[in-house]
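Heads up: the sequence lines are chains A and B, in that order. Numbered by this note's numbering, the letters in the first sequence go through residues 558 to 879 in order. Numbered by this note's numbering, the letters in the second sequence go through residues 558 to 879 in order.
Honestly, I wouldn't trust all of these hints.
Only part of the chain A face toward chain B is listed, based on derived beta-carbon distances under 7 Å [said to hold, decoys possible]:
hint : residue
1    : Thr592
2    : Val600
3    : Val607
4    : Ala635
5    : Asp679
6    : Gly683
7    : Gln690
8    : Thr699
9    : Thr702
10   : Glu831
Quick caveat, the hints were computed from the structure, so don't treat them as lab data. Beta carbons: idealized from backbone N, C-alpha and C, even for Gly.
There are 2 protein chains.
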Amino acid sequence: MPQSEFDIIDEYFTRQRVRRDDVALGIGDDAAIITMPKGQQLVVAIDTLVAGVHFPNNTSAEDIGYKALAVNLSDLAAMGAEPAWFTLALTLPSVQRAWLRGFAKGLFELAEKYQLQLVGGDTTQGPLTISIQVAGYVPTGTALTRAGARVGDSIYVTGNLGDAALGLRCLQQPAEYAAVPTAINKLNRPEARIDIGLSLRDVASACIDISDGLLADLGHILDTSNVGASIDRDAIPLSDGLRLLCEQNTDHYAMALSGGDDYELCFCVAPQNESRVEAIASICGIRLTHIGIIEHQAGIRLHQAGRACAMTGKSGYEHFSG
Amino acid sequence: MPQSEFDIIDEYFTRQRVRRDDVALGIGDDAAIITMPKGQQLVVAIDTLVAGVHFPNNTSAEDIGYKALAVNLSDLAAMGAEPAWFTLALTLPSVQRAWLRGFAKGLFELAEKYQLQLVGGDTTQGPLTISIQVAGYVPTGTALTRAGARVGDSIYVTGNLGDAALGLRCLQQPAEYAAVPTAINKLNRPEARIDIGLSLRDVASACIDISDGLLADLGHILDTSNVGASIDRDAIPLSDGLRLLCEQNTDHYAMALSGGDDYELCFCVAPQNESRVEAIASICGIRLTHIGIIEHQAGIRLHQAGRACAMTGKSGYEHFSG
Chain A
558 MPQSEFDIID
568 EYFTRQRVRR
578 DDVALGIGDD
588 AAIITMPKGQ
598 QLVVAIDTLV
608 AGVHFPNNTS
618 AEDIGYKALA
628 VNLSDLAAMG
638 AEPAWFTLAL
648 TLPSVQRAWL
658 RGFAKGLFEL
668 AEKYQLQLVG
678 GDTTQGPLTI
688 SIQVAGYVPT
698 GTALTRAGAR
708 VGDSIYVTGN
718 LGDAALGLRC
728 LQQPAEYAAV
738 PTAINKLNRP
748 EARIDIGLSL
758 RDVASACIDI
768 SDGLLADLGH
778 ILDTSNVGAS
788 IDRDAIPLSD
798 GLRLLCEQNT
808 DHYAMALSGG
818 DDYELCFCVA
828 PQNESRVEAI
838 ASICGIRLTH
848 IGIIEHQAGI
858 RLHQAGRACA
868 MTGKSGYEHF
878 SG
Chain B
558 MPQSEFDIID
568 EYFTRQRVRR
578 DDVALGIGDD
588 AAIITMPKGQ
598 QLVVAIDTLV
608 AGVHFPNNTS
618 AEDIGYKALA
628 VNLSDLAAMG
638 AEPAWFTLAL
648 TLPSVQRAWL
658 RGFAKGLFEL
668 AEKYQLQLVG
678 GDTTQGPLTI
688 SIQVAGYVPT
698 GTALTRAGAR
708 VGDSIYVTGN
718 LGDAALGLRC
728 LQQPAEYAAV
738 PTAINKLNRP
748 EARIDIGLSL
758 RDVASACIDI
768 SDGLLADLGH
778 ILDTSNVGAS
788 IDRDAIPLSD
798 GLRLLCEQNT
808 DHYAMALSGG
818 DDYELCFCVA
828 PQNESRVEAI
838 ASICGIRLTH
848 IGIIEHQAGI
858 RLHQAGRACA
868 MTGKSGYEHF
878 SG
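Can you make the complete structure from the sequences, with help from the hints?
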């Protein structure tokens, strides 16, 4: 028997465990009702994943559910916002119970980790597309943006860069690249740096998440802040696997410079706040690496061992441009 | 030269005229920042339109832009919420400037009418899919829901029912149905009943928008409120065109009873508030029609000239069920 839209929603998306006090009315009416906590601003972002574009077609349903929420949480992390609730627009070619079960499992695993409640959704028939709008809170006036970088600020990144691109390469060219499980996991289950974002609220001068590659996303900070940057290629944090590949062929630096999907944070810190960075790294248990400096001259200058270095690879992942 | 994702967003979606005081940071960062007005709750809804499913493939870009926002506004209307801002997830097969120009024109025409600001979006490549999440405000505790209908309440609908279904029929079976321009316009450019919704805040006991057909959507009120209803088929408001068809063949009542896409409101009113309905109709300039009564017995009983009447047609439009 065919299953109706309403049954699908009921069966897989109303069983979540998270129940927030600020959600006055959740799933099941024409709209949800939220009672905003006092003294907070609302931070909202929307991101879409399309099958075959944002994840390989054979990605597991569980990983798709996890990633669809993670990439949105990453936007909240970049703003220094605390995750609160989200809505889901799910377009599916057909109803497959096993797929829906897996998708909901991956989605809610991450939602529960951050006490994030699904408050509304729409399920439609069509090619697999997932849009999530996520909302979080910041104390009024404390959100991080792309606009505050100043000449002399240090530039940092969280974690390692390029592993998601390496993971994709492993999947796409298995004959040439031996599978690196940690890199494939980074591609399928990126970790939004929520704790770091919250800690950076009164420390960073500007912040962005790296979804389209370091050069492209740092470029957004530079454009918005009207400054430039100098980056030390050898300082860019790499996993052991990617470092080995870069030693064999420097073309592989493109994965760290221009590979998408890492969802690490890139942020700037004024000299007077720099002493606080190490404590944040220690508390959050995440490596924070100094990779360069904000300069007056527009654009990005890449250096290696004191000399100018060619920008390897394209300038960031962009849809429609390839 | 191929155009990048960022250029598209810049070119077509940042030129809007609406600038709201509650939008502290709009398009252009990782997320938007909203400063909620005091004493208000946030009302949020998300709806997706898929080409070939929610509108015919040859629908104009301008109508698609208008309708994608209108169906979301309709959810706010059903809650009695005042429109405030929205986010857009747009998935496009390719970049076509004329299409984007038309889409943005239809979208912003409606947004400007309600002083609704686009605060964020995501543009991705894939089969044409539009997800909009819209947000509005209600004074705390005044939102309309599906839950408050009581035995003895009157049931009303706004406008006429069935015209959107008639419009679709005209487009799909032109040999059998002469084109009815007002019906086709209703299909492509539904009008969200925002003013009515605002006026009903302290008048209606329950409210829903009719997106899936009267019987299906009234059914949601009845299920949520744990009541039933009796409906007078002859009282259902029809346009002259649809009335003529129903007189020729009563099967056409299915368009009014079960046709989707009308986006009129169906609401319930307790006896003590009934005198206020006429004034609202007069102020808003919209016909409000009494079509039935809430009863204890579960389910919907359709009557015609005092006798039970068969439920014509399916019980509402549902994806995946056909």
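For each hint, the structure was consulted:
no.	hint	in the structure
1	Thr592	holds, 5 Å
2	Val600	holds, 5 Å
3	Val607	holds, 4 Å
4	Ala635	holds, 4 Å
5	Asp679	holds, 5 Å
6	Gly683	holds, 4 Å
7	Gln690	holds, 4 Å
8	Thr699	violated, 10 Å
9	Thr702	holds, 5 Å
10	Glu831	violated, 23 Å
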